[in-house]
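*Asks:* Dock chain P against chain A, hints included.
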Amino acid sequence: MPFITHRKIFLGIAVAVVLGAGIIIGTLGLNLGIDFTGGSLTEVSYAERPSKEGLSAELDQLGLGGYSLRETIDDTGRDGYILRTRDLTEDERVSVESAVLASGEESLITRFTSIGPVIGQELKDKALWAIVAVSLIIILYVAFVFAGVSYPVGSWVYGGITILALLHDVLVPTAAMALMGYFMGVEADVLFIMALLAVLGYSVNDTIVVFDRVRENLIKHRQEKKTKVVSTDGVEREEITYILQKPFAEIVGMSVSQTLMRSINTSVTTLVALTALYFVGGEVTQTFSLVLIVGVLAGTYSSICIANPLLVFIAERKVDKEVVSK
Amino acid sequence: MSNNNLQKKEEGGSKAFIQKFHAVAVVAIIVLVGFFVYTNAITENSKYPFKLGLDLAGGSHLVYEADVSKIAPAEVADLMNVLRDVIERRVNIFGVSEPIVQVERSSFVSENTIERLVVELPGVTDVATAVEEIGKTPLLEFRLIDQEALAQQATVEVDGVPVEESVLEEDFDPFIDTGLTGRYLASAALEFAGGSGGQLSNEPIVSIVFNAEGGDLFETITREHTGENLAIFLDGEMISSPRINEAIVGGRAVISGGFTPDEARALAQNLNFGALPVPIELASTQTVGASLGEGVLNKGMKAGVIGLGLVILFMMLWYRLPGLVAGVSLIGYVAIMLALFTVIPVTLTAAGLAGLVLSLGMAVDANVLVFERMKEEYRAGKNSHVAAREGFKRAWSAIRDGNITSLLSAVILFWFGTSIVKGFALVFGLGVVVSMISALLVTRTLLLALPESHITKKTILSKLYNSGVNTK
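Those protein sequences? They're chains A and P, same order as listed.
When we follow the numbering used here, the leftmost residue of the first sequence carries the number 30, and every step to the right adds one.
When we follow the numbering used here, the leftmost residue of the second sequence carries the number 715, and every step to the right adds one.
There's no promise every hint is true.
As the list claims (entries may be wrong) - Derived Cβ-Cβ restraints for the label pairs, each shown as a range: (1) A:F308 <-> P:S760: 30 to 36 Å; (2) A:K37 <-> P:L746: 53 to 59 Å; (3) A:E134 <-> P:L1155: 55 to 61 Å.
Rather than coming from a laboratory, the hints here were simulated on the basis of the structure.
Think of the CB as a built atom: it goes at the ideal place given N, C-alpha and C, for glycine as much as any other residue.
Just chain P, with the same shape it has in the complex:
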């Protein structure tokens, strides 16, 4: 009999030890996640930085509507992609860090499908310049190659003088403007080179026809520079530099540069449409100054910290010891959420931040449900551990049904929403899942690791398990 009891006690002891170990592990994980988030936030160029939306970081959000009325429906998707590539190339020249250029189609709920191009330029608040740069016609230029400069460069390299070599290379610009540009273009077309003269057969090329003025200019250039190379530049990038074999009369030229058929077709389209495959029009602009964005961010964070403090305070006042546990679990919730924001990454906007603050209040709901259940069991005379287990078991169906409906709403929102609504839906959905995990794992583990208590034992601990104004 006594032996049996001893064994039971030992078992109870090792069980308690394991529970305490779990509790320490859970707290350690929360601290680690918190540390991860903290270092990400303060380190510059960290691997997982917080991604701030334009309304917090400052920048411009431009939406263009594409006029696809004159394009066969089957080609629309392809041309929109070409458009995106062209605009992306221009934006990159612009020197913006991490620009986003994407095609967006108005969803099926509206009557007409409208093809849009969304351009996000973080840090750019000078819309006028941005709009001008993006809307400009693409630049096709013909430049001569300066043989003398080229020769000089070659000499330097042959001599193997290492000093200032890099400087030389950087400043090295052997190209001479000819004044001949895409402005003089009449038309461009995709063709395939014939297999004559030992050339590769069927190479896709772009044939261009100059207008009268351009034709004359082209003729002069080729006559005066026969034997030299003429480089062809598109938006500042050299795509080919064929040799001028003879003076070309009639204003026709061919661009070949090892294109794939698709590239050649895109280039021909680019040139024909004044570089843009589809005419576009600016439909909406949104610009937020960097200092204002920072102000919004700071206030949002402040609200978050105060909200977190107040929620924890209320939980501790009302639920006492379990309330404190809920507070730890809520801090765990915030740490995990922020860590997910950096890892996924989720772009934080003012709306997302507000959603996060709101979720602080809602995230403790699962805890509240459990604690209320637990209290019933505890007052009925069960010890605190049994009451906690019962509480979780009985509250589960309510937590499950409530969270699944919330999650379904989040999914629908994400599916329907425009980008700003999508961000909110993502924060909302993540919040539902993470709050459930933090309640079921963190709160449960910590509650079971606390010393056992019974309502009939009138100790301080037993009172700490009660709640509200009840002092029984």
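This is chain A alone, in the form it adopts within the complex:
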């Protein structure tokens, strides 16, 4: 299996990708939307879009501080603008409303959102907690269900690797979001967090399926050896050791190739559904589907080219150490 034999290359790519993603997120940062920062969003549509300059001139007189005005075609097909400002008071809202409505024919305010800064901060905290809590639960669960196969690597390693793969899968779409935010002004909102959480679920599922096959093949290809051991306090215990009939790397490689088709096909069906959502589903969920598409690609890569190579990598380091200590 090339993924296992050339594991150092694949792991190297993964490390580079994670580092790159980290650097992108660190330097560019996320373009946080008003869901997190607080602020107001006004979406207005017209029969015919008035000039941006004209509307800006009107808005400049209102003393709103910095604002951003973006051209848009809304989900009913009308031309309009999305105006983002700081959190508006009721009076300011009224004056903004009349200013944008007066700027064009058949004007209509289709969406208005105003979010106080406290709610935004709270949402940020909640999102972070949710991600941490989900990760913890996953480590515990995976370690629990893999407790039966703690040779040659401990069941905690499976849980740990699942989380590392997950980290990769979440960092990559986050970096994509940072890039989109920097170059295209796309804002990260609640839907972005939901997309990340969905990626998280997908990634774990994907990794577990391959590990499940490793577990099955390990049990199939190991020999149990029971030896009686008398411990220092005179109690006789039975110690079970296992001997693998095939090298661990080969067993893992076998598992990867047996689940390869499934990994690819499930990601294809998911990507197909997401592509439909991206092109047809409307403006509101476009960023959501794009983030998920990147996440699913990353998730498929990580379950094939990271999780299992890493498993072999750790197992071999462990064996090396045991040899040295002997």
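*Replies:* Chain P alone, transformed into the frame defined by chain A:
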């Protein structure tokens, strides 16, 4: 020997019949559920309609922050409930269908606990009016009862003239404004009436004190209308109409209306705080126009239908006959999900809809896992039924572990999330459970009902069990 074989064949025959019967039943159930969803969707006022969130149906979502800094911590929960009742009463006067007013506390992850009131007004896009109506001080009014009109009404009833009686009753308004309102109030307090004069003892009452101006007005009214009844209205609802026994000097009055102690306390608090027990401030507003919401909904549904079609197409191209079965099972999945949305009910939002479309791709995963396993067994020479059974058996641990972790994530999300995240988590969690059921029940039943096939028999059927580009 031959007898034995015959018996075996018969057994096999009845078994096949039962399997076919199960398959027909499963398909019939899917059709029924689909029909249920379809009629719910097209019938107006159906018993189980789809509940659309404000971002799809249009409407306003207002979040108020309550200032509870001057209130003893022990009383906060009670007062927030009083606040909710007061606002709910006002929203109801507003004439909105199915408004939601609920108290929400910022969760334990943030440093300070903030008490919030969430008000959802479907169909209301005029935020300015809504905000004004909700934020206005509650209305306490004193009105006189028009004895003449009352007498007239009584006559009509005594005469027993049935014609236009209802019209008369509808227009009947015997109350006369006095100009005395809660604006002239200085304070209100809960008291208990003494047991003198044959009255019920210890009845909770609310005593109110008018300011100087109000006191004068009150005195004039009571002097001029001694012997009549003075009705007391709160937010347009009459709560009592005591008789004026004499002119009242000093600007003190008592409201009694068969209150429970809690009601009386709430009313006194209402009046003191300008009707609201806790000062509130608008923290966030969200308004979506109805036409935009409809546009989002239509596009989301279109994406769902196209996504469903593409996923089924891919499954059929790759897995052939089993792929077709997976397609039927996926349609069953969608039908069950939509039926659950109407029955539970789950409020559908743009995010929930996107989650559902995403889940279409992920829901076939259990099928894919089984089919891959099945293919291995089939290529190893087992017949299609044995291979299917083996496939389900061997894929089970992977399906189980993958779905349990997903379900755990959904539960945590639901627990932590704000309302919009909760909706997504609910759709996600339901999707996990329903997709598992549809794969294990629908796909399995249908696969076992198909005619048996063996890879060595080079028939069309045997090729239909293979997959991908392999034509063996």
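*Asks:* For every hint, state whether the structure bears it out.
*Replies:* These are the hints, each one checked on the structure:
Distance hint check: the CB atoms of F308 (chain A) and S760 (chain P) are about 32 Å apart, consistent with the given range 30 to 36 Å. The beta-carbon spacing between K37 (chain A) and L746 (chain P), approximately 56 Å, falls within the hinted interval of 53 to 59 Å. For E134 (chain A) and L1155 (chain P), the Cβ-Cβ distance of about 57 Å falls inside the hinted range of 55 to 61 Å, so the restraint holds.
Checked against the numbered hints given earlier, the structure satisfies every one of them.
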